[in-house]
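Quick note, the sequences are listed as chains A and B, same order. Counting from 1, one number per residue, gives the positions in the first sequence under the numbering used here. Counting from 1001, one number per residue, gives the positions in the second sequence under the numbering used here.
There may be inaccurate statements among the hints.
Dumping the calculated DSBU-like pairs for lysine-lysine here, alpha-carbon to alpha-carbon at most 35 Å [what the hints assert, rightly or not]:
id, chain 1, residue 1, chain 2, residue 2
1, B, Lys1280, A, Lys285
2, A, Lys285, A, Lys130
3, B, Lys1102, B, Lys1046
4, B, Lys1318, A, Lys278
5, B, Lys1262, B, Lys1292
6, A, Lys23, A, Lys285
7, B, Lys1044, B, Lys1262
8, A, Lys28, A, Lys285
9, B, Lys1262, A, Lys130
10, A, Lys278, A, Lys6
11, A, Lys130, B, Lys1046
12, B, Lys1280, B, Lys1199
Read the hints as simulated data drawn from the structure, not as lab findings. Since the structure is predicted, the reported quantities are computational estimates derived from the model, not experimental observations.
Below, each chain spelled out in residue letters.
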Amino acid sequence: MSDLDKAIAQLRACRPIPENQVKELCYKARELLIEEANVVQVDAPVTICGDIHGQFHDLMELFRVGGDVPDTNYLFMGDFVDRGFYSLESFLLLLCLKVRYPDRITLIRGNHESRQITTVYGFYDECQRKYGSANVWRYCCEVFDYLALGALVTGCAADLPSTEAPWVGSSGMPLEPEDREFEIEIFNSANEVTNRYPRANPNSNTITSNPNPNKPSTDPPLPKSPPPTSSPKPTTPSKTGLPGTSATSSSSGSPGNSSGAVLCVHGGLSPLIDSLDKIRLIDRKQEVPHEGAMCDLLWSDPDEIDGWGLSPRGAGFLFGADIVKLFNHQNNLAMIARAHQLVMEGFKEHFGSGGVVTVWSAPNYCYRCGNVAAILELGEDGSNGGFVQRSNGDAGRKRALGESGGGGGAEALNGMTGVRTPGRRYRIFEAAPQDSRGMPAKKPVADYFL
Amino acid sequence: MSAQQIPNLNTLKGALRPGGRVRGGRLRDQTTSHEAGEDGEARKDKVVQQTDGDASMSRMSAVDLGYLEDPFARPFIQVGTYVRSSAIDLLIGKFLATDANKPKQIISLGAGSDTRFFRLVSQSPSLPIVYHELDFPINTAQKVAAIRRTPRLLSTIQSSLSQPEDLKISSSGDSLTSPTYNIHPLDLRVLAGDQSAPKLPELPNLSSSIPTLLLSECCLIYLSPTHADNILQTLTQRIIAPSTPVSLILYEPIRPHDSFGKVMIANLAARGIHLQTLQKYSSLFRQKTRLKNAGFVGGQGAADIDFCWERWIPDDEKERVAGLEMLDEVEEWRLLAQHYCVAWGWRNGEGSQDEDVFSRAWAGMESQRNDEGEDDG
């Protein structure tokens, strides 16, 4: 067993590794990360994860639900540290896995991977407490500076592979898979299907696994998980998609099974960035600045506004559906996946199909929020003779490998982006049970305003 | 003397309480091993008495970060404490500003180490106000001792008095009385007893006839609903004359039934804290109904802390607070803030010029709509 494998085993048991090993690990990790582009190219299949925030036992639950490394190819969208009690073990384990299996796990930077934020939100104190000095914190921060800013996932399948998983949705099985193409499938942590959504109008509503009734929308509702008392036949569109939408037209020129590329960033878009190449030009090897393109990518949030708005976080911006539509179109993207925002249902689709999805992977965040977590699986497109549509975000080179060239043009302007969105499989999971934590449960920090 | 100079009562506590420590394990330690000899009720009381530590620690952090003009120690981001204090200050400020020269009374239930009186008086020493704090003797003894040892606190009280010798401290050290500021050692449950019992506890300098504001910041919620309701009856019908204008401001957790609320209840229960009226008064609507049923029929309002932040705090102030640091807790903050409310209600008096003082003071206060499915009938 190599030293690295030993370190992995030790960290999997939630035990920190010695300082000199951390130093060595961080050195190796930097050597690896320095070779990565600002926007890492990732091939499907991939499982995309959101914020972890030091909730180590929940990270173990994530691996149980999503599969282990290297069996499953993972992409973590940042915020590994802060808030939870085990930022150190969580981040070092992910880093060990990165060094051990560099092609099977991708780590990109979140806004908490920063010196300033970690001194406020817990990681610095945790390192001090566990090692008696700030050395380990310093090594980790040096790694943070080398983390990529985003990832571009290509080669995704547009449809969802069939599954043997049992249906446990609340309405029987209302939708016959052979009749229609499903775009979204939701699994619980017992590997049972709890909901399915067929491909529909890309401009329709926001989806979550448990729609919030307090947020009325002016858009026509998508089929949502019907209440237990409702009719077993929800009013779903009878066709797989409307003419001129992503369901029937694609920049690939043929229905096929391929989908467009997915940009993954921690936060969102920036008014200073209109193309992926602009991201590629950033000199990322630095502390996260307080403003500017790099800051925005890690701090921004989608919102129901037109254009850009000021962020209540004091950093980054809010961006509306119109911004996303333009950006995705110009960069030939099918959608954007990001993390950064707590979502009670674990994931949220903003602005309809082809917009933005939020993935949140820290269940019962801060041990008090009561939310569930999610990971997003994007399947591999095996239908194109092994060709992968290489979208590189360059609008002038849209006709990429594997594209027929007949599509695109005006047709591609239709719908949100004119690019087929990947089939999306969300796996929902809850916080690891207390007794799995193997040590006395820590009392929640004094955090109710009594 | 400026508000910044008011010492932090909580840092003064450590020296007083044997083995007294700040945050982190204090509650747990004191409710288990070395107090195993105590009976269960006393233990439960102790847990409640010590929730004041949580609140004052939160205030400390909020002050440290520059949210509040009131002094305190490290480490959390406490917009919540800031909004809570600001919302209550706003309601109290409007009350004090209405017929500003006429005498008014504030009775703070379970006041703990709260320093509102000192803030009010240091801002305007000539306020015609009589302030009363009611709390467990163990808490009032600590507070009185802290005041005694702290010249600046004493001088603040004295600045509100025409004769400094009017300030009296009991020989037992747990009671402080004066024509302006009073600390009464009283287990509130004494007021929950038989409504027809002839004897009421002695509360020096408490007037039954001047307009009175009752304040319960996370106090009544620890009592059984019956006790909580009875205490309000005793206060508003017997201690304060039925013809006197009287109001109540509540600050309490709400919405225990959603997933955040359930975790909140479980987490607090793990620390031995039980919010006994939370199930009964679980929503804005139920809080308003409660106020009406308790005799505050002049009007009622309620808003959660998220609403107070959005609607009551002026934009420039919001910007100032948001600028104190990068706030990476927006969603969590909103969740948390939606689970605390400020509720207020009043009754008008009869036969005096200022009988409608609360109606006038709070006419413009913006209340929040009820949750879906809960309509005012």
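Now for the hints, and whether the structure bears them out:
For the proposed pair Lys1280(B) and Lys285(A), the alpha carbon gap of about 55 Å is over 35 Å, so the pair is violated. Restraint check for Lys285(A) and Lys130(A): satisfied, since their Cα atoms lie roughly 27 Å apart, inside the 35 Å limit. The straight-line distance between the Cα atoms of Lys1102(B) and Lys1046(B) is roughly 39 Å, outside the 35 Å bound, and the hint therefore fails. For the proposed pair Lys1318(B) and Lys278(A), the alpha carbon gap of about 34 Å is at most 35 Å, so the pair holds.
Proposed proximity of Lys1262(B) and Lys1292(B) is supported: the alpha carbons are some 27 Å apart, at most 35 Å. Between Lys23(A) and Lys285(A) the CA atoms are separated by roughly 18 Å; this keeps the pair inside 35 Å, and the hint holds. Restraint check: the Cα-Cα separation between Lys1044(B) and Lys1262(B) comes to about 21 Å, which is no more than 35 Å; the hinted pair holds. Between Lys28(A) and Lys285(A) the CA atoms are separated by roughly 16 Å; this keeps the pair inside 35 Å, and the hint holds.
Distance check on the hinted pair: Lys1262(B) and Lys130(A) sit about 32 Å apart at the alpha-carbon level, within 35 Å; holds. For the given pair, Lys278(A) sits about 40 Å from Lys6(A) by alpha-carbon distance, which is inconsistent with the 35 Å threshold. Between Lys130(A) and Lys1046(B), the direct Cα distance comes to roughly 33 Å. Compliance with the 35 Å bound is thereby established for this hinted pair. For the proposed pair Lys1280(B) and Lys1199(B), the alpha carbon gap of about 30 Å is at most 35 Å, so the pair holds.
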